[in-house]
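Peer 1: Sequence:
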Amino acid sequence: MAKKVFFTSESVTSGHPDKVCDLIADSILDEAMRQDPYAHMAVEATIKDDLILVYGEAGTTATINYAAIAKNVLKQIGYPEEYTVLVKVNKQSAEINNAVAHDEISAGDQGIMFGFACDETPNYMPFAIDCAHKLAAKLEEVRRGDERLKPDGKTQVTVEYVDGKLTRVDTIVVSTQHAADVTQEEIRELILEKVIRPVVDPKYLDENTRYLINPSGSFVVGGSWGDSGTTGRKIVVDTYGGYAPIGGGCFSSKDPTKVDRSAAYYARYVCRNLVANGLAKKVQLELSYAIGEPRPLSIAVDTFGTSRYTEEKLIEIINKNFDFSVSNIIKELDLRRPIYTQTTNYGHFGREGLPWEAFKKIEL
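Residue 1260 in my numbering sits at position 273 of the sequence shown, and the numbers go up by one each step.
A couple of the hints might just be wrong.
Below 25 Å or equal to it, Euclidean Cα-Cα: the simulated BS3-like pairs (lysine-lysine) are [what the hints assert, rightly or not]: (1) 1318 - 1268; (2) 1078 - 1058; (3) 1348 - 1307; (4) 1058 - 1141.
Now the in silico label distances, taken between C-beta atoms and shown as ranges [said to hold, decoys possible]: (5) 1340 - 1229: 33 to 39 Å; (6) 1069 - 1339: 34 to 40 Å; (7) 1308 - 1036: 46 to 52 Å; (8) 1052 - 1025: 17 to 23 Å; (9) 1296 - 1050: 30 to 36 Å.
It should be emphasised that the hints constitute simulated quantities derived from the structure, not laboratory data. All values reported here derive from a predicted model rather than from experimental measurement. Glycine included, each C-beta is placed from N, C-alpha and C at the ideal position.
Could you put together the complete structure from these sequences and hints?
Peer 2: Structural data, given as structure tokens:
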């Protein structure tokens, strides 16, 4: 008897209050990296109604107008309100700086990081999260050209697997903030025609696919006025949509000495290239680091039975082709530059142009 499994992933638009805070944090990081490529940054944000709190640690020679950056982010996203910004940013702890600033760069924190890749999509991402991101990005594109829609929004995709093979899309959920004078019937037609149909391959849709559009009904109050937001609360959205484990540390706000971010990027780089080079159909990699140590404490790989190589042999191949030292990760991926705001929305993985999504020929 065929085994049927359903799996769901979600994404959010840039107007979601948590993503507002992620973008504030990454915009601050990019400004620091623009002026000072060796900046050590961990400056985050929280927002509620018209109040923004910017806080954290910064070790940098850069001159940063935190309040101006925060207000500009809200304006760029499309929120017209006036905001008050409170700033509480201290210098990075000397103890942390001393742990990192060796002749060879060491990890800025302890922790575990996961990478993942599979052959379900051309960009080596699980289908559900890839589709949810594409729907959210399309929703934002449509919103910016249609005054009936407002910045806050979420998408969700449930897919069906039969005996481990992706067969169909079971349910698509799209929730979008909107103007008060728009009917839910208008919104449903708009989302179906302008967002869902241009994005989702019709071969995965059938007469039983469900479309839940604004299932809660009216969604006029959104953004920070409908909910609070904080940097780092969308780490499942940022990674693999729940399809693979996460290390627990967020990405946004952190400079590349923070292995929560840089090593997770490198782990994705390794997994993506193992699949792209045909060594496996699905790969998961776990790394662990300790603060003050330049190299990982452990490396573990799982191919879920999709490789002709043993996992011990794959570790040999990985170590032959990839260098997990913090210094090399930063150098190989060229991370000391202002590239981080482009990662904030619609996933940090599976996006063209990011260095950890580049192809690398693996030597056996």
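Peer 1: Would you mind marking each hint as holding or not holding in the structure?
Peer 2: Taking the hints in turn, this is what the structure says about them:
Taking the CA atoms of residue 1318 and residue 1268, the gap is near 28 Å; set against the 25 Å cutoff, the hint is violated. Restraint check: the Cα-Cα separation between residue 1078 and residue 1058 comes to about 23 Å, which is no more than 25 Å; the hinted pair holds. With a C-alpha separation of about 12 Å, the suggested pair residue 1348 and residue 1307 falls inside the 25 Å cut-off, and the hint holds. Taking the CA atoms of residue 1058 and residue 1141, the gap is about 23 Å. The hint holds against a cut of 25 Å.
The given range of 33 to 39 Å is broken by residue 1340 and residue 1229, whose C-beta atoms sit roughly 25 Å from each other. A hinted range of 34 to 40 Å holds for the C-beta pair residue 1069 and residue 1339, which are about 37 Å apart. For the pair residue 1308 and residue 1036, the beta carbons lie near 50 Å from each other, so the given range of 46 to 52 Å is met. In this structure, residue 1052 and residue 1025 meet the distance hint of 17 to 23 Å, their C-beta atoms being roughly 20 Å apart.
The hinted range of 30 to 36 Å is not satisfied by residue 1296 and residue 1050, whose Cβ atoms lie roughly 51 Å apart.
When each numbered hint is compared with the structure, violations occur for hints 1, 5, 9.
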